[in-house]
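Novice: Now for the letters of each chain:
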Amino acid sequence: MCAICGCSGEHDHSHGHDHSHDHGHHHHGHEHAHGTLVELEARILAKNDALAQKNRGWFAGREILALNLVGAPGAGKTALIERTIAELGGEPPLFVVEGDQATANDAERIRAAGAPVVQLNTGTGCHLDAAMVARGLSELRPPSGSAVLIENVGNLVCPALFDLGEHAKVVLFSVTEGEDKPIKYPHMFNAAGLVVLSKIDLLPHLDFSVGRALDHVRAVNPDAAIVQLSARTGEGVAEWCAWLRRQAAAARDSAFA
Amino acid sequence: MHELALTCSIVEMAEEAAEGRRVARVTLVIGKLSGAMTDAIRFCFDEVARGTAVEGAALAIVEPEGRARCDECGAEFATPDLLAHCRCGSFALTRTQGEELTIRSIELEEAA
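Residue numbers (the working numbering), protein chains in the order written: chain A, -12 to 244; chain B, 12 to 123.
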């Protein structure tokens, strides 16, 4: 192997022009004995992004709102969906895609709460991708004018990069997780359209500063809307449902834009 | 470990672009603010490439630093992380560099 550029062939590096090799990637400038360079400049996520755009078009054609719910395991994503099904009362009709590495436990909870649901198991996978969601939709078949809540795999890191075709990412973090979560996981919070601070009924038992937590959210994402709620007591849930209905109305309007 | 999924895409795309020839080198551009760890991609690469036309290829990764332009005052500056904000106090930034997540090129072995 060539010790200068790391390529697997034998070739002469004493080429005539003054050219530093310290950045290890500049292979356009000199001719290798073996190399044919193919310029790609292709996004690594191009395939997922194309499928996500297909999902987005599918949603738009049916005036469906799609939200991608992300957060750490135990942040209260499933509990919020259960509560939302009851609070919305079918306006708009709610359909749910559940993502977990294993088990259909969450799908059973959602079904019991009264919404059609499809469970996606990722196996060892740490996030949902656009292809999985497309498969889920083909099974779920949400009708025109409905809202689809996609509960991603509990994980504050990996789902940030994978577009599913959703209108917005909703990031949940609970008051038991610590107020610095937004700055510890800035990519996820930076990608959020709405940040939900959950389990606020527990605040009297904790040393959690809501003010500091919200400052951290604004530091990584000054544009995100913020809702504080408790799925257990119902406090703040009306505000979340109002946000969801506004998004649903916007999704219907944008279908004709 | 979304880097495993990214590496699978990288190898798949490189193999497609090689059109049946063997790949000697893959050059990536992974911005420092892209959300992908280059160490993890390197860790996965050889294993994912095994048994494909990319097996044994060298992996070069260019890592552009983060940069942004302030939406308020127009200043351009380095952003080492996603928490960086403008000296004018504004957090409203347009990122101009550092979020790249692309395959720049592949280098093919000469047909024998």
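Derived by calculation from the structure, the hints in this document are not laboratory data. Be a bit skeptical, because a hint or two may be false.
Pairs of lysine-lysine residues, derived as DSS-like cross-links and limited to a Cα-Cα distance of at most 30 Å, are as follows [to be verified]:
# : chain 1 : residue 1 : chain 2 : residue 2
1 : A       : Lys171    : A       : Lys34
2 : A       : Lys41     : B       : Lys43
3 : A       : Lys34     : B       : Lys43
4 : A       : Lys171    : B       : Lys43
From the structure, some residues in chain A lie toward chain B, with a derived Cβ separation under 8 Å [claimed, not checked]:
#  : residue
5  : Leu38
6  : Gln40
7  : Lys41
8  : Cys113
9  : Cys145
10 : Leu148
11 : Asp150
12 : Asn177
Coverage of chain A stretches by chain B, computed from C-beta distances (three or more under 8 Å per stretch; other residues unrestricted) [said to hold, decoys possible]:
#  : region
13 : 26 to 37
14 : 96 to 106
15 : 125 to 138
As the structure is a prediction and not an experimental result, all values here were calculated from the model. Ideal Cβ positions, reconstructed from N, Cα and C, are used throughout, including at glycine.
Novice: Look at each hint and say if it fits the structure.
Specialist: Structure-based check of each hint:
Using a Cα cut-off of 30 Å, the hinted pair A/Lys171 and A/Lys34 holds, with the two alpha carbons roughly 29 Å apart. For the given pair, A/Lys41 sits about 29 Å from B/Lys43 by alpha-carbon distance, which is consistent with the 30 Å threshold. Among the hinted pairs, A/Lys34 with B/Lys43 is consistent with the structure: their alpha-carbon atoms are about 22 Å apart, no more than 30 Å. With a C-alpha separation of about 16 Å, the suggested pair A/Lys171 and B/Lys43 falls inside the 30 Å cut-off, and the hint holds.
Proximity of A/Leu38 to chain B is violated relative to the hint, the smallest CB-CB distance being about 12 Å (cut-off 8 Å). Hint status for A/Gln40 relative to chain B: violated, with the closest Cβ pair at about 16 Å, above 8 Å. Below 8 Å, beta-carbon pairs count as interface contacts, and A/Lys41 has none with chain B, the closest being about 17 Å; its hint is therefore violated. For A/Cys113, the shortest C-beta to C-beta distance to chain B is roughly 6 Å, which falls under 8 Å, so the interface hint holds.
For the restraint placing A/Cys145 at the interface with chain B, the shortest Cβ-Cβ distance is roughly 4 Å, inside the 8 Å limit, so the hint holds. Interface restraint check: A/Leu148 against chain B, minimum CB-CB distance 5 Å, threshold 8 Å, status holds. For A/Asp150, the shortest C-beta to C-beta distance to chain B is roughly 12 Å, which exceeds 8 Å, and the interface hint is violated. Using the Cβ-Cβ criterion of 8 Å, the hint placing A/Asn177 at the interface with chain B is satisfied: the shortest such distance is roughly 5 Å.
Requiring three or more residues with a Cβ within less than 8 Å of a Cβ of chain B, the coverage given for the region 26 to 37 of chain A holds, as 10 such residues are present. Check result for the region 96 to 106 of chain A against chain B: violated, 0 residues qualifying (beta carbon to beta carbon below 8 Å, three or more required). Closer than 8 Å: that is the beta-carbon criterion, and the region 125 to 138 of chain A has 0 residues meeting it against chain B, so the requirement of 3 is violated.
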